[in-house]
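From first to last, the protein sequence lines stand for chains A and B. Each number in the working numbering comes from the position in the first sequence (counting from 1) with 252 added on. Each number in the working numbering comes from the position in the second sequence (counting from 1) with 53 added on.
Just so you know, not all the hints are guaranteed correct.
Claimed, not checked - Sample of chain A residues facing chain B (criterion: CB under 10 Å; computed from the structure):
hint, residue
1, 358
2, 359
3, 361
4, 376
5, 403
6, 420
7, 424
8, 426
9, 456
What the hints assert, rightly or not - Derived EDC-like pairs (lysine to aspartate or glutamate); straight-line CA-CA distance at most 20 Å:
hint, chain 1, residue 1, chain 2, residue 2
10, B, 296, B, 250
11, B, 106, B, 86
12, B, 71, A, 485
13, A, 356, A, 319
14, A, 378, A, 388
15, B, 71, A, 419
Hints are computed from structural coordinates only; laboratory data are not their basis. Ideal Cβ placement from N, Cα and C applies to all residues, glycine included.
Take a look at the letters that make up each chain.
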Amino acid sequence: MARIIVVTSGKGGVGKTTTSAAIAMGLAKKGHKTAVIDFDVGLRNLDLIMGCERRVVYDFVNVINGEATLNQALIRDKTCNQLYILPASQTRDKDALSQEGVGKILDELKKDFKYIVCDSPAGIEKGAHLAMYFADDAFIVTNPEVSSVRDSDRMLGILSSKSRRAEQNDEPIKEYLLLTRYSPERVKLGEMLSVDDVQEILSLHLLGVIPESKSVLNASNSGTPVILDEKSDAGQAYADVIARYLGEDRPHRFIDEKKGLFGKLFGGK
Amino acid sequence: MSTDSQQNAHHSPVLEFKSSTFSVPVLVLSSNDAIIIEQQLQEKIHLAPEFFKNSPLVFDLQELNKHDLDIDVTELINIIRSLGLLPIGIRGGGAQQNQQALELGVPIHSGHSVALSSGTQKPQPPEPEAAPEPQIVAEAATLITHPVRSGQRIYASGDLIILAQVSAGAEIMAEGNIHVYGSLRGRALAGVQGNTEARIFCSDLQAELISIAGNYKISEDLNDAVPNQRVQIYLQNHALVIKDI
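Given only the sequences and the hints, what does the whole structure look like? Please build it.
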């Protein structure tokens, strides 16, 4: 049975698109046929992060309006043949999406794909609403600072009251917390909320902590999802996230400060 | 429209009736002085303007009629509407009051002894002292087991029991007591219909605002409250008292 995953946050700039690209690639690399959809109509980004911006012909809105078929609009990833991208339209706005149209496309994708990742736009308006409405699982992307945490909390409330599962009284959406741009050094200096602080406010199952890392920016610039950079800490953290999501039990990494040379030599904390 | 689509319309039902239960605030009046009613109603609305904005409302005249206090229902409805509330029912009114309400498009809710449907019923003088004992029906408590997230609001017409946390930016309201067994970080308003006996109990007080029957304290005034300590909040001489349990 296909599962629809929404990657959402409320707040902008926390790493939703980076996360969507990374987890879609991660799932596909594990052999699951995966589609990733950009719901950010008007502010298209996912194609850049996925490195397929020069192959976009048709987009999400074209398919909703019946101007193209789903197969025409889906772009197969260069590096992984299990991964497909459905880009957003850059020339329209969120009003071009309709609940009925989105539902139809997702139903069609469900026949063919194991996982459908919906990259939500920021905010709680129409685009974000439609991205989460049909979801089975939600990845809540949060930065360790108060405004991001509060927005995530708001989004959790919307997930539990305005999604299709909530409206039809089905089993609620499974919610997972993904803490991104985490910097143990800054937590130690008291400049950032710690994992425990965020957990206490949101009381949510922690799927993974992605450290603040140069590799994320490099990956975005080169159009390859960061999970493919297996040497980088962020890439490894996303690989852990996928493993945990698929049921593996892995200890959390990247929560503690990296030890410098002296730390390593003397082994003290 | 073509005949085809008309036939379709005949065959596939486009509507159905369903029954559902709603919780709606009931305005119980104990005075028939329109000016005082308007004044006090306005004060109440000021406490939670967002909550009362366009809120549906049922008004209850049983107390008045029990004491033979007559009230001009037309005027009452106009007051309610002018304050931005939407009256959706009259309860406990006499035959004439019900008729007046109906004329203004406010339906009659039964459930109280005096409520009569107009029309076929013979105009019955209110029975003087044979009135039934005032029945005390305890409103069922509302139980919430999931976290109340920022931006969510919960209203309970009786007690409200929350087994999870209440996030900052969430709002919980009850006409009776409020119990929160997780962290209380949002707003909690007990006794919102004026019950000064209502209390708030919580296991970790970090609220943005607490209020009992309109008397409130904001987070800044709660500095003395120790987190992770079980406390109760009640009203004493119009002041909120926070005490450890």
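Here's how the hints hold up against the structure:
Nearest Cβ of chain B to the Cβ of residue 358(A): about 24 Å, over the 10 Å cut. The hint is violated. Interface restraint check: residue 359(A) against chain B, minimum CB-CB distance 20 Å, threshold 10 Å, status violated. The criterion of a C-beta within 10 Å of any C-beta in chain B is not met by residue 361(A), whose closest approach is roughly 27 Å, and the hint is violated. Annotation: interface hint on residue 376(A) holds; nearest CB of chain B at approximately 8 Å, less than 10 Å.
Interface hint at residue 403(A): satisfied, since its Cβ lies 8 Å from the closest Cβ of chain B, which is below the 10 Å cut-off. A least Cβ separation of about 14 Å between residue 420(A) and chain B goes past the 10 Å threshold, and the interface hint is therefore violated. A distance limit of 10 Å between C-beta atoms decides the matter here; for residue 424(A) the minimum to chain B is near 8 Å, and the interface restraint holds. Against a cut-off of 10 Å between C-beta atoms, the interface hint on residue 426(A) is violated, since the closest Cβ of chain B lies about 13 Å away.
Taking 10 Å as the C-beta cut-off, the interface hint given for residue 456(A) holds, the closest approach to chain B being about 9 Å. Of the supplied pair hints, the one linking residue 296(B) and residue 250(B) holds, its CA atoms being roughly 15 Å apart against a limit of 20 Å. With a C-alpha separation of about 23 Å, the suggested pair residue 106(B) and residue 86(B) falls outside the 20 Å cut-off, and the hint is violated. A threshold of 20 Å between alpha carbons decides the hint, and for residue 71(B) with residue 485(A) the separation of about 55 Å lies outside it, so the pair is violated.
The straight-line distance between the Cα atoms of residue 356(A) and residue 319(A) is roughly 14 Å, inside the 20 Å bound, and the hint therefore holds. For a cut-off of 20 Å, the pair hint linking residue 378(A) to residue 388(A) stands: about 18 Å separates their Cα positions. Between residue 71(B) and residue 419(A) the alpha-carbon distance is near 15 Å, which keeps this suggested pair within the 20 Å criterion.
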